[in-house]
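J.: So the chains spell out like this:
There are 2 protein chains.
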Amino acid sequence: MQTQKIAIAIVDDHTLFRQGLAHLLTESNEIEVIFDAGDGAEMIRKLPMQPLPDVILMDITMPVMDGYESTRWIKQNYPQIKVLALSMFEEDVPIINMLKSGAGGYMLKQAKAADLINAIKTIEKQTFFINDLVSGKLLNNIQNNLPVKTSKIQVSANELKFLELCCSDLTYKEIADMMNLSPFTINNYREALFEKFETKSRTGLVISALKCDLIKL
Amino acid sequence: MQTQKIAIAIVDDHTLFRQGLAHLLTESNEIEVIFDAGDGAEMIRKLPMQPLPDVILMDITMPVMDGYESTRWIKQNYPQIKVLALSMFEEDVPIINMLKSGAGGYMLKQAKAADLINAIKTIEKQTFFINDLVSGKLLNNIQNNLPVKTSKIQVSANELKFLELCCSDLTYKEIADMMNLSPFTINNYREALFEKFETKSRTGLVISALKCDLIKL
DNA sequence: TGATAAAAAGGCAATTCTACCCTTTTTGAT
DNA sequence: ATCAAAAAGGGTAGAATTGCCTTTTTATCA
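Line order of the protein sequences matches chains A and B.
Positions 4 to 220 (the numbering used here) are the ones given, in order, by the first sequence.
Positions 4 to 220 (the numbering used here) are the ones given, in order, by the second sequence.
Keep in mind that the hints were calculated from the coordinates and are not lab data.
Where hints are given, some of them may not hold.
One copy or two, it doesn't matter: identical chains are merged, so the pair holds either way.
[Claimed, not checked] Listed below are the simulated DMTMM-like cross-link pairs for lysine to aspartate or glutamate, each with C-alpha atoms no more than 25 angstroms apart in a straight line:
1) LYS8 with ASP216
2) LYS128 with ASP118
3) LYS8 with GLU30
4) LYS164 with GLU94
5) LYS176 with GLU162
6) LYS203 with ASP180
7) LYS78 with GLU35
8) LYS115 with GLU45
9) LYS219 with ASP95
10) LYS176 with GLU198
11) LYS49 with ASP95
12) LYS214 with GLU167
13) LYS124 with ASP216
14) LYS140 with GLU177
15) LYS49 with ASP118
16) LYS49 with ASP180
17) LYS124 with ASP135
18) LYS219 with ASP118
19) LYS140 with ASP172
20) LYS115 with GLU30
21) LYS176 with GLU93
22) LYS199 with GLU167
Note that the coordinates shown come from a computational prediction; the quantities given were computed from them, not determined experimentally.
Model the full assembly from the supplied sequences, consistent with the hints where possible.
T.: Right, here's the structure in full:
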């Protein structure tokens with residue numbers, strides 16, 4: 004007694020993965036891939052061009068518009084569509100963030116096809132799919148409820164440039180020269196950033212900025 | 004006039020990607036996927052169980068035995084098998100390293116299926132496949148021939164602990180206390196490391212150590 | 001055991017960084 | 001036009017860092 008197939012869309016910037024997965028899922032006869040996209044913007048364009056999917060498989064790291072933003076957009080505009088995050092990251096932060104963005108479940112690309120199909124069927128019926136991976140992270144997040152990455156620290160363009168130049172042997176005076184600003188102004192930036200990042204040293208500042216992903220190595 | 008199919012193996016820890024890709028390639032009728040594996044060790048086990056593949060599609064990041072090591076093993080034991088690296092990384096370092104390890108080409112997972120099939124056919128005939136991505140990186144690497152990761156800087160256990168403690172607001176005196184050493188000894192460590200990393204500041208030291216992967220955030 | 005090298009400890013002047021003060025100028029918004 | 005906020009400019013005392021030395025202790029091995 005086969006009911007109607009589950010209509011899904013795949014959003015992932017890896018073309019090979021996207022197409023391969025589409026083939027794999029189509030074989031199951033319970034799932035129909037109605038479209039795919041390489042990023043969130045493409046998804047938004049293609050969404051109105053066919054009947055809405057029941058479930059969207061969503062990658063996290065994508066150009067233009069990433070998985071977090073895309074998921075938030077979906078939940079804002081088509082809350083009835085379920086989003087199942089599908090990523091290679093096993094870390095706490097991306098998992099928690101995807102769930103916070105509105106994903107109803109989180110699967111690893113390391114998973115087996117049968118598990119994925121099972122997750123899709125579950126999420127389609129129940130709006131969410133919680134496996135051990137996700138429940139563990141959820142518990143973890145509640146227990147030591149660190150407002151870690153929640154509060155995104157705002158820095159101005161100048162402050163950001165200053166932070167980047169801080170990752171060097173340059174003295175503040177030299178940094179001031181490079182930015183064509185007075186050393187006193189640089190000192191203001193430094194003090195403002197020390198406060199924002201709750202640190203007391205240049206080294207601590209650089210480490211914090213790196214952890215917040217404001218600067219890269 | 005169809006000659007024999009090209010026999011390939013897929014080594015990648017993402018089961019969904021591996022299986023999906025296998026389906027995709029099989030459809031082309033020019034390629035036959037004879038086996039797949041989730042890491043290098045599994046590949047080594049499965050390799051003797053069937054006729055050897057002509058080409059192996061190799062991911063980089065895998066548990067147990069990664070793409071670099073697996074490629075070196077292949078080239079050591081079955082030099083006639085061609086290795087095509089298949090990864091999501093576009094950075095210089097992984098590309099150059101895979102080629103140094105013996106891969107004959109490098110494709111992104113963002114590629115289209117047709118391009119991948121073309122690369123496989125080329126590498127099977129010519130032992131290597133150089134696209135714009137790879138040639139650019141090669142040129143780049145020759146031009147500013149940085150001895151990138153070649154020179155691994157040696158640090159003692161104590162120096163390493165010191166480096167880790169440097170990633171903080173702690174003063175050297177506090178670090179000395181934590182390590183139960185005299186501040187003067189800490190000063191010796193500092194000076195030795197400054198010389199090894201060719202830096203003149205604590206911040207520069209921390210950045211260098213991070214870049215060399217000696218410490219993590 | 002004595003030689004010797006490495007690790008640890010010590011000292012210190014010069015420079016840089018940090019924490020508080022403060023004022024003036026520029027910018028943005030109403 | 002006016003007000004508020006942000007950016008820029010200024011200074012100083014004290015703490016930490018940096019660079020360049022020497023001496024003592026420890027470990028090792030011939």
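J.: Now look at each hint and say whether the structure bears it out.
T.: Taking the hints in turn, this is what the structure says about them:
{"no.": "1", "hint": "LYS8 with ASP216", "result": "neither (42 angstroms within a copy, 47 angstroms between copies)"}
{"no.": "2", "hint": "LYS128 with ASP118", "result": "within (15 angstroms within a copy, 38 angstroms between copies)"}
{"no.": "3", "hint": "LYS8 with GLU30", "result": "both (12 angstroms within a copy, 23 angstroms between copies)"}
{"no.": "4", "hint": "LYS164 with GLU94", "result": "between (29 angstroms within a copy, 23 angstroms between copies)"}
{"no.": "5", "hint": "LYS176 with GLU162", "result": "within (15 angstroms within a copy, 30 angstroms between copies)"}
{"no.": "6", "hint": "LYS203 with ASP180", "result": "both (23 angstroms within a copy, 19 angstroms between copies)"}
{"no.": "7", "hint": "LYS78 with GLU35", "result": "within (21 angstroms within a copy, 41 angstroms between copies)"}
{"no.": "8", "hint": "LYS115 with GLU45", "result": "between (27 angstroms within a copy, 16 angstroms between copies)"}
{"no.": "9", "hint": "LYS219 with ASP95", "result": "both (20 angstroms within a copy, 16 angstroms between copies)"}
{"no.": "10", "hint": "LYS176 with GLU198", "result": "both (20 angstroms within a copy, 23 angstroms between copies)"}
{"no.": "11", "hint": "LYS49 with ASP95", "result": "neither (31 angstroms within a copy, 34 angstroms between copies)"}
{"no.": "12", "hint": "LYS214 with GLU167", "result": "both (13 angstroms within a copy, 15 angstroms between copies)"}
{"no.": "13", "hint": "LYS124 with ASP216", "result": "neither (36 angstroms within a copy, 41 angstroms between copies)"}
{"no.": "14", "hint": "LYS140 with GLU177", "result": "neither (44 angstroms within a copy, 33 angstroms between copies)"}
{"no.": "15", "hint": "LYS49 with ASP118", "result": "between (27 angstroms within a copy, 24 angstroms between copies)"}
{"no.": "16", "hint": "LYS49 with ASP180", "result": "neither (50 angstroms within a copy, 61 angstroms between copies)"}
{"no.": "17", "hint": "LYS124 with ASP135", "result": "within (17 angstroms within a copy, 42 angstroms between copies)"}
{"no.": "18", "hint": "LYS219 with ASP118", "result": "neither (36 angstroms within a copy, 32 angstroms between copies)"}
{"no.": "19", "hint": "LYS140 with ASP172", "result": "neither (38 angstroms within a copy, 28 angstroms between copies)"}
{"no.": "20", "hint": "LYS115 with GLU30", "result": "both (14 angstroms within a copy, 21 angstroms between copies)"}
{"no.": "21", "hint": "LYS176 with GLU93", "result": "neither (43 angstroms within a copy, 36 angstroms between copies)"}
{"no.": "22", "hint": "LYS199 with GLU167", "result": "both (16 angstroms within a copy, 23 angstroms between copies)"}
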